[in-house]
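Modelling step: build the complete structure from the supplied sequences, incorporating the hints.
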Amino acid sequence: MDFSEEIRGKAKELLESGTVDCVIGYERATDGVGARPLFVYQPNDIDRLIFDQTCTHNLTKYLLNRKGKATAIVVKPCDSRAINLLINESQVQRDKVSIIGVVCPGVVKAGLDNTSGELQDTCRMCQQHTPVLYDFLVGEPASEADVPDTYPDVTGMEDKSAGERRAFWEEQFSRCIRCYACRQVCPGCYCPECFVERLDPMWVGIRIAPEENEVWNTMRAFHLAGRCIDCNECERVCPVNIPLSLLNRKLGKEVEELFNFQAGIDAETAMPFSTFEKEEKLGISE
Amino acid sequence: MSEFISKKDLLTWLGQLMEERNLVAPTRVDDLLLFSKIDQVEDIVFDFDNTTLSPKEWFYPSSETLFYVEQKDGQTELIPAVIEKETAIFGIRPCDAQGMAMNDFPFLEEPADDLYRQHRDKTALIGLACITACPECFCSSMGSGPHDPANVDILLTEVADGYIAQVLTDKGKALLPDNLLTTADVSSPPAPVLSEVPSDGIAEKMRQAFDEPFWDRLADRCIHCNICSYVCPTCYCFDVRDYTDKERIERVRSWESCQSPGFTRIAGGHDPRSTKGSRLRQRFSHKLLYFPRQFGALGCIGCGRCVRACPVNIDIREIIQDVQQLEVKSEA
Ligand code: SF4
Ligand code: SF4
Ligand code: SF4
Ligand code: SF4
Numbered sequence: 001m002d003f004s005e006e007i008r009g010k011a012k013e014l015l016e017s018g019t020v021d022c023v024i025g026y027e028r029a030t031d032g033v034g035a036r037p038l039f040v041y042q043p044n045d046i047d048r049l050i051f052d053q054t055c056t057h058n059l060t061k062y063l064l065n066r067k068g069k070a071t072a073i074v075v076k077p078c079d080s081r082a083i084n085l086l087i088n089e090s091q092v093q094r095d096k097v098s099i100i101g102v103v104c105p106g107v108v109k110a111g112l113d114n115t116s117g118e119l120q121d122t123c124r125m126c127q128q129h130t131p132v133l134y135d136f137l138v139g140e141p142a143s144e145a146d147v148p149d150t151y152p153d154v155t156g157m158e159d160k161s162a163g164e165r166r167a168f169w170e171e172q173f174s175r176c177i178r179c180y181a182c183r184q185v186c187p188g189c190y191c192p193e194c195f196v197e198r199l200d201p202m203w204v205g206i207r208i209a210p211e212e213n214e215v216w217n218t219m220r221a222f223h224l225a226g227r228c229i230d231c232n233e234c235e236r237v238c239p240v241n242i243p244l245s246l247l248n249r250k251l252g253k254e255v256e257e258l259f260n261f262q263a264g265i266d267a268e269t270a271m272p273f274s275t276f277e278k279e280e281k282l283g284i285s286e
Numbered sequence: 001m002s003e004f005i006s007k008k009d010l011l012t013w014l015g016q017l018m019e020e021r022n023l024v025a026p027t028r029v030d031d032l033l034l035f036s037k038i039d040q041v042e043d044i045v046f047d048f049d050n051t052t053l054s055p056k057e058w059f060y061p062s063s064e065t066l067f068y069v070e071q072k073d074g075q076t077e078l079i080p081a082v083i084e085k086e087t088a089i090f091g092i093r094p095c096d097a098q099g100m101a102m103n104d105f106p107f108l109e110e111p112a113d114d115l116y117r118q119h120r121d122k123t124a125l126i127g128l129a130c131i132t133a134c135p136e137c138f139c140s141s142m143g144s145g146p147h148d149p150a151n152v153d154i155l156l157t158e159v160a161d162g163y164i165a166q167v168l169t170d171k172g173k174a175l176l177p178d179n180l181l182t183t184a185d186v187s188s189p190p191a192p193v194l195s196e197v198p199s200d201g202i203a204e205k206m207r208q209a210f211d212e213p214f215w216d217r218l219a220d221r222c223i224h225c226n227i228c229s230y231v232c233p234t235c236y237c238f239d240v241r242d243y244t245d246k247e248r249i250e251r252v253r254s255w256e257s258c259q260s261p262g263f264t265r266i267a268g269g270h271d272p273r274s275t276k277g278s279r280l281r282q283r284f285s286h287k288l289l290y291f292p293r294q295f296g297a298l299g300c301i302g303c304g305r306c307v308r309a310c311p312v313n314i315d316i317r318e319i320i321q322d323v324q325q326l327e328v329k330s331e332a
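Chains as they are written, first to last, in the numbering used here: chain A, 1 to 286; chain B, 1 to 332.
Derived by calculation from the structure, the hints in this document are not laboratory data. Accuracy of the hints is not assured; some may be wrong.
Unchecked claim - Lysine-lysine pairs mimicking BS3-like chemistry, simulated, CA-CA at most 25 Å apart:
no., chain 1, residue 1, chain 2, residue 2
1, A, K160, A, K250
2, B, K205, B, K276
3, A, K109, A, K69
4, A, K96, B, K276
5, A, K67, B, K276
6, B, K85, B, K173
7, A, K160, A, K69
8, B, K8, B, K37
9, B, K276, A, K69
Structure, rendered in C-alpha cells:
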C-alpha cells in the first residue's frame with residue numbers, strides 16, 4: 001500500500017489555498033526504511049510526504065502544540081479516535097483541523113519495510129479500518145474487519161492466577177526507567193502538571209525502583225481508563241519494551257463491559273469517568 | 001605474536017571473578033540486551049553489537065542514595081554512602097568506555113562527586129573490541145573506534161577459539177593472572193566499517209547555528225520523551241530529593257533529562273528554556289559545543305543509541321551534517 005501521491009495532492013491543495021499553514025504527516029526516516037513525522041509549512045517540502053504501512057506514529061499529540069492554528073493532519077483510524085477524545089475534552093477545536101483520514105490495513109512491525117506485510121500485534125486485533133472522523137478520505141472505505149476475538153491478549157492474561165499476574169507485572173515494571181516517554185507520546189496525557197511530577201501533594205517520589213515504578217505505571221494506566229484509544233504508541237516507544245498496551249487494553253475491556261463505551265468513537269459521548277448517573281451503583285450497597 | 005586466552009579459560013576466569021567481586025556483563029532480558037550482575041557465567045552474552053542501555057548505570061545509577069542524616073542522642077549525624085565491593089564490567093565496548101572517560105570530566109573535576117569516584121575506583125573494565133557494528137554506530141568519527149584500547153583495563157578481541165588479550169593497566173594486571181595467557185600467532189580481525197559523520201569543526205558551527213530557526217523546526221517532531229538522555233552513556237543530568245521519616249533523612253539522586261518539559265523551570269515559574277527548540281538545542285549543544293569548550297573533547301562518543309531509540313528519528317548524525325551545511329544568516 002502506498003498513498004503518498006494522494007496525501008501530497010491534498011497537502012498541496014490545503015497549503016496553497018491557505019486553508020492551513022501546516023500539514024502534519026510522514027516522511028522517510030534516516031534508515032531509509034521506516035517513517036518519521038514531518039511538518040510541512042512550504043509547498044516545496046510537499047514532495048517529502050509519504051504514506052505507507054511504515055507510518056506507525058500517532059501524530060495527533062502534535063495538535064496540542066498547535067492549539068488555535070489551522071492545521072492539517074494525516075490520521076489512521078486509531079489516530080482519528082484520539083481527535084474525538086481531544087475534541088470531547090476541549091483540547092482541540094474541530095474547525096481548526098483539516099483531517100486527512102487514511103483507510104488502513106495495519107502498520108508493519110518496527111524495522112520492517114512497507115512490503116513486508118508483517119503487521120504489528122495491535123493491528124492484527126484492530127476492528128477499525130476506516131477513520132471514525134475525517135474531512136478527506138484516502139483509500140476505499142473497507143468493509144469492517146471481522147476479527148473474532150478483540151482481546152485475545154487480555155483474556156490470555158486473565159486466565160493466569162493473581163499471583164502469576166502480579167509476578168509478571170512486578171518483573172516488567174521493575175525495569176521501567178521512568179523516562180515518561182509513554183506519557184509524552186500519549187494523546188490522552190496532556191495534564192500541564194502530571195501527578196508524577198507534583199511536589200505538593202507528592203504522590204510518588206523520584207526513585208527509579210520497583211515500588212515507585214509500580215505507582216507510576218498503574219496510576220498512568222488508570223488515568224487512561226476509558227480514554228485510551230488503543231494506538232499502541234506508549235508500547236512502541238517504551239525503551240525497555242514494557243507491554244503497556246496489555247495493561248491499557250485490560251482497562252479498556254473493563255470499561256467496555258461495564259459502560260458499553262469505547263473511547264473516541266464519537267466526539268459527543270462523555271467519558272464514563274467524567275459523568276455519573278444515579279443508577280450507576282457499581283456494586284456499592286444501599 | 002599476541003597474548004591469547006582460550007574461550008574455556010576465559011569462562012573459568014570470569015567464574016573466578018564472579019566469586020570475589022560483582023561481575024557485570026551483557027545479558028538478555030526478554031528481547032533487550034542489558035548489563036546485569038551475573039550469578040552464573042552461562043547468562044553472559046558474548047555475541048552482540050551493543051547493549052540497549054549504556055553501562056553508565058554502574059557508575060551513575062538511575063537512582064542512588066547519596067547520604068543519610070540521622071538524629072542520635074541529640075546529635076545530627078551525616079552518614080555518607082560507601083561502595084564496599086569491587087566490580088568488574090565484562091563486555092564494555094570501546095565507545096562506552098570512552099563515554100565513561102568523558103563522564104570523568106564533569107564528575108571528577110574538583111569538587112569531585114565522591115560517590116561517582118568510588119564507583120570508578122572500584123570498577124575494572126574488561127573491554128570487548130567490536131567485530132561487527134550496528135548501522136547507527138559512528139564512534140570512529142567521535143574520537144574513539146571499534147578497537148580503541150584507550151579507556152579499558154583489558155581489551156579482548158575475538159579470534160578463532162579464543163581472544164587476543166591486551167592487558168593495559170595495573171588494574172588489568174591485578175585482575176588477569178599471567179598463567180591464563182599464552183602467546184599465539186594470531187592477528188586481529190579488521191575493524192567493522194562505520195557510518196562517517198563530519199564532526200571536524202562542529203563546535204564552531206554549532207555556535208554559529210545557535211539562533212537559527214533550524215532548532216525549532218527540528219523540535220517540531222521531538223516529543224521530549226527523555227529516551228535519548230536515558231540511553232546515552234554521556235548524559236548525566238539528575239534530580240535530587242530528600243526522603244524523610246521521623247529518625248532519618250535519605251537524600252536520593254535519580255536520572256533526569258534536559259528534554260523534560262519543566263526541567264529548567266525555576267521558582268516563580270520562569271523557564272529560560274521554555275520552547276521546544278531551545279530544549280532540543282540544549283542536548284546537542286551540550287554534546288557538540290559546551291562540552292568540547294569546557295573539557296576539550298566531544299561529549300558524544302557515537303554509540304548510536306539515541307539514533308536507534310528515538311521514537312521520531314531525531315538523528316544526531318543527520319544534525320551534525322545539517323549544521324555543518326547550514327547557511328548562517330547572521331553572525332551569532
Ligand atoms: S516508556 Fe517505558 S520505561 Fe519509560 S516511563 Fe513509560 S513504562 Fe517506564
Ligand atoms: S495509553 Fe497508549 S495506546 Fe492508549 S492512547 Fe495513550 S499512547 Fe495510545
Ligand atoms: S528521544 Fe527523540 S523525541 Fe525523545 S526527547 Fe530525545 S530527541 Fe526528543
Ligand atoms: S548522543 Fe547518542 S550517539 Fe552520542 S553518545 Fe549519546 S546516545 Fe550515543
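The hints, checked one at a time:
1. As the CA atoms of A:K160 and A:K250 are separated by approximately 14 Å, the hinted pair is consistent with the 25 Å bound.
2. At roughly 21 Å between alpha-carbon atoms, B:K205 and B:K276 fall within 25 Å of each other, so this suggested pair holds.
3. Restraint check: the Cα-Cα separation between A:K109 and A:K69 comes to about 33 Å, which exceeds 25 Å; the hinted pair is violated.
4. The suggested pairing of A:K96 with B:K276 holds, with an alpha-carbon distance near 22 Å, which does not exceed 25 Å.
5. A distance of roughly 15 Å separates the Cα atoms of A:K67 and B:K276; the hinted pair therefore holds under the 25 Å criterion.
6. In summary, the hint linking B:K85 to B:K173 is supported, as the alpha carbons are separated by about 19 Å, within the 25 Å threshold.
7. Between A:K160 and A:K69, the direct Cα distance comes to roughly 48 Å. Violation of the 25 Å bound is thereby established for this hinted pair.
8. As the CA atoms of B:K8 and B:K37 are separated by approximately 21 Å, the hinted pair is consistent with the 25 Å bound.
9. The straight-line distance between the Cα atoms of B:K276 and A:K69 is roughly 17 Å, inside the 25 Å bound, and the hint therefore holds.
Hints 3, 7, counting from the list given before, are not met by this structure.
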